[in-house]
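Participant: Following the hints, position chain H against chain R.
In order, the protein sequence lines correspond to chains R and H. Each step along the first sequence adds one to the number in my numbering, with nothing skipped, and position 122 is 122. Each step along the second sequence adds one to the number in my numbering, with nothing skipped, and position 246 is 246.
Hints were generated in silico from the structure; no laboratory data involved. Source: prediction; values computed, not measured. Yeah, the Cβ is synthetic: ideal placement off N, Cα and C, and Gly gets one too. You may find that some hints are simply not true.
What the hints assert, rightly or not - Beyond 10 angstroms from chain R on every Cβ pair, some chain H residues (computed):
id	residue
1	Leu23
2	Ala28
3	Gln39
4	Thr40
5	Gly92
6	Leu122
7	Asn143
8	Asn153
9	Asn231
10	Gly259
11	Glu264
12	Ser349
Unchecked claim - Here are the simulated SDA-like pairs of lysine to any residue, each with C-alpha atoms no more than 25 angstroms apart in a straight line:
id	chain 1	residue 1	chain 2	residue 2
13	H	Lys121	R	Leu300
14	H	Lys121	R	Leu301
15	R	Lys55	R	Phe152
16	H	Lys121	R	Ile290
17	R	Lys55	R	Leu133
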Amino acid sequence: MDTFIQQLINGITLGSVYALVALGYTMVYGIIGLINFAHGELVMVGALVSLSVIKLLMGAGLGLPPVLIVVLGVAAAIPVCMLLAFVMERVAYRPLRGAPRLAPLITAIGVSIVLQNIAMMIWGRSYFSFPPLLNVTTYDVGGAALTDLQVFIVLLAGLLMAGLMWIVHRTRLGLAMRATSQNLQVAGLMGIDSNRIIVAAFVIGAALAAVAGTMVSSYYGIAHYYMGFMLGLKAFTAAVLGGIGNLGGAMLGGMLLGLIEALGAGYIGDLTGGILGSNYQDVFAFFVLIGVLIVRPAGLLGNSNTERS
Amino acid sequence: MSGSQIVHPHRSPAMKWVGVALLFIALAAMPFALAAVGQTWVRVINLALLYVMLALGLNIVVGFAGLLDLGYIAFYAVGAYSYALLSSPHFGIHLPFWISLPIGFVVAAMFGVLLGAPTLKLRGDYLAIVTLGFGEIIRIFMNNLNAPVNITNGPQGINLVDPLMIGSFSFGKNEIIAGLSISGPMKVYYPLMGLTILIILLNLRLQDSRIGRAWEAIREDEIAASAMGINTRNIKLLAFAMGASFGGLAGGLFASIQGFISPESFGLLESVMVLSMVVLGGMGNIPGVILGAVLLTGLPEFIRFTVVPAQQMIFGKVIVDPEAIRMLVFGLALIVVMLVRPAGIWPSSIRKRELTSP
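Looking at chain R on its own, in the form it has when it is part of the complex (with noise of 0.2 angstroms):
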């Protein structure tokens, strides 16, 4: 019972992060229907910035407290991303608006790759260490240990989604948002400027992949310049998953992913006698993410009738 409930808590704090960058997969998909092969970067970015910003602040030996140190370091990282998302957009993906579907696609593995060795050139190849920073305190829940740090992380995320819902429904940006999401051409109709729009949906997304690389870094207590890739397919997966397109569907399939992976990796071995180990938990996110789009096409929340071809 204590392993279901560590792997629980487990899962649902790798989800909070999964959903996270599964929003800006989604909502960059949603209105252009581009899939930004570049947006794990983008996590790897806001990692390798906080971290570097935290370690400088902390060698400065300021005295400020920790807590201040690790929000100063969100602070700068979020930023930078936004500007890079901002500079990917204009550069890589404006003008190639209207050209045949694949090309943006292969301009993204571009970007992926510069940002990778522009990352490589900057922070070296070797991996870097989240510095003892925050003393993180650890709870017993039912046998299962839950540390301060993964309540914070969910906590963050939540709201940092709810945030995103609010600006997406209740704000004259949100409208212009799903309109343009609905089309792109009779929104521009409508007097909304869809190239703000476009280039908004990259920011907001850019800004959450920032947190949600320093929430990786911090929880894991590592950060490397290769990342973005892994957890950028594996976010996308999760937007798939729930539906591309769809912001609720991104969280829905982040958390789901985060659970199946943590969940599969925890009875892996149980379930097939020992055969299989939990280096198969990749496998496992995939198979589901397979079956879930043989029998519904196009993903858990998505809507038959947005699919693209």
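Facilitator: Relative to chain R, chain H alone:
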């Protein structure tokens, strides 16, 4: 109406054969010319030929049939592992290549159908993510199938894979023939080039065949194609199978040339690389795809050999990691080429018409 059969009324058949003969002589002399520059370049051209085969295989699925496949490298892996398991000390089986290569070809085709069948209903990006998932699943299995029964030897991979051999003539060894020193890569170039030409001819014939036109019809409008009496299920499966089989053949050759394979060679990045070759060259256009494969194989190698000397010349020392620059320039090249030519460097004439017509 297809772009590949342009009739040149002014060119006599004799002229045509002279051209073909000249081309053959040039291709036959190529490894010697490259060896004069450096043996590395012979290896690069061999690698380029493998990528041409892969890109042409993927082109069937993505370019002709319009099915976006992000897990294509799985078939390359299946072919490579089939060959390696049947012709290496790992199981102690040493089948000759004319048995193990075709087996890899057939097994890959079977995997193509196996992975294609559940995805028939999916389209566009959903198909892409599912194929990506299949690709990852196959890689993860190869990484982990060393326990409880050791099949793939896990992350260590399989060593000492047999080179291509005909009798006692090995394509893997350096040798002096008729006073000419001929290296292993130079020897292997000839069967590789032969198979590549065969695959190119097959692709050209396929494109203009009934099947090729059916693929094109499905790409343009699946519902209309099925209304015209095309069995879309079978035709799509055929695309998956044919694309996969070429990938499997290239994989078997890769294993034999490299002599060593491990799951690391078959990651998502490789799939993405082959897709980039197809799209950058000109999706659906055979000469374009060949060009894309050769360019994208050659470019990183070319940068590798120029980055260090260039830095030394300008700064007097190497200041930036050459590996990082190599990939950085590669990424920038992908972006710039797509921005300048969104339909690819050498797009098919049909595509071009679609894009420019109102």
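Participant: Please go over all the hints and tell whether each is borne out by the structure.
Facilitator: Here is how each hint holds up against the structure:
Against chain R, the non-interface label of Leu23/H holds: every CB pair exceeds 10 angstroms, the least being about 30 angstroms. Even its closest Cβ contact with chain R, about 34 angstroms, leaves Ala28/H beyond 10 angstroms, as expected for a residue assigned away from the interface. Against the 10 angstroms criterion, Gln39/H stays outside the reach of chain R, whose nearest CB is about 28 angstroms from its own CB. For Thr40/H, the condition that its CB be more than 10 angstroms from all CB atoms of chain R holds, with the nearest at approximately 22 angstroms.
Separation of Gly92/H from chain R is adequate, the least Cβ-Cβ distance of about 25 angstroms exceeding the 10 angstroms criterion. Against the 10 angstroms criterion, Leu122/H falls within the reach of chain R, whose nearest CB is about 5 angstroms from its own CB. With a least CB separation of 7 angstroms from chain R, Asn143/H falls inside the 10 angstroms interface cut-off, contrary to its annotation. Once the 10 angstroms rule is applied to beta carbons, Asn153/H is consistent with being away from chain R; the minimum gap is 15 angstroms.
Non-interface call for Asn231/H relative to chain R: holds, since the shortest CB-CB distance, roughly 19 angstroms, exceeds 10 angstroms. With a closest Cβ-Cβ approach of about 27 angstroms to chain R, Gly259/H is found to remain outside the 10 angstroms limit, as its non-interface label requires. The Cβ of Glu264/H lies farther than 10 angstroms from every Cβ of chain R, with a closest approach of about 13 angstroms, so its non-interface assignment holds. The beta carbon of Ser349/H is kept farther than 10 angstroms from every beta carbon of chain R, the shortest such distance being approximately 14 angstroms.
Distance hint between Lys121/H and Leu300/R is fulfilled; the C-alpha atoms sit about 16 angstroms from each other, no more than 25 angstroms. Distance restraint check for Lys121/H and Leu301/R: the Cα-Cα separation of roughly 18 angstroms lies within the 25 angstroms cut-off, and the hinted pair is therefore satisfied. Taken as a hint, the Lys55/R and Phe152/R pair is honoured in the structure, with Cα atoms around 21 angstroms apart against an allowance of 25 angstroms. With a C-alpha separation of about 12 angstroms, the suggested pairing of Lys121/H with Ile290/R holds against the 25 angstroms cut-off.
A hinted pair counts as satisfied when its Cα atoms are at most 25 angstroms apart, and Lys55/R with Leu133/R qualifies at roughly 10 angstroms.
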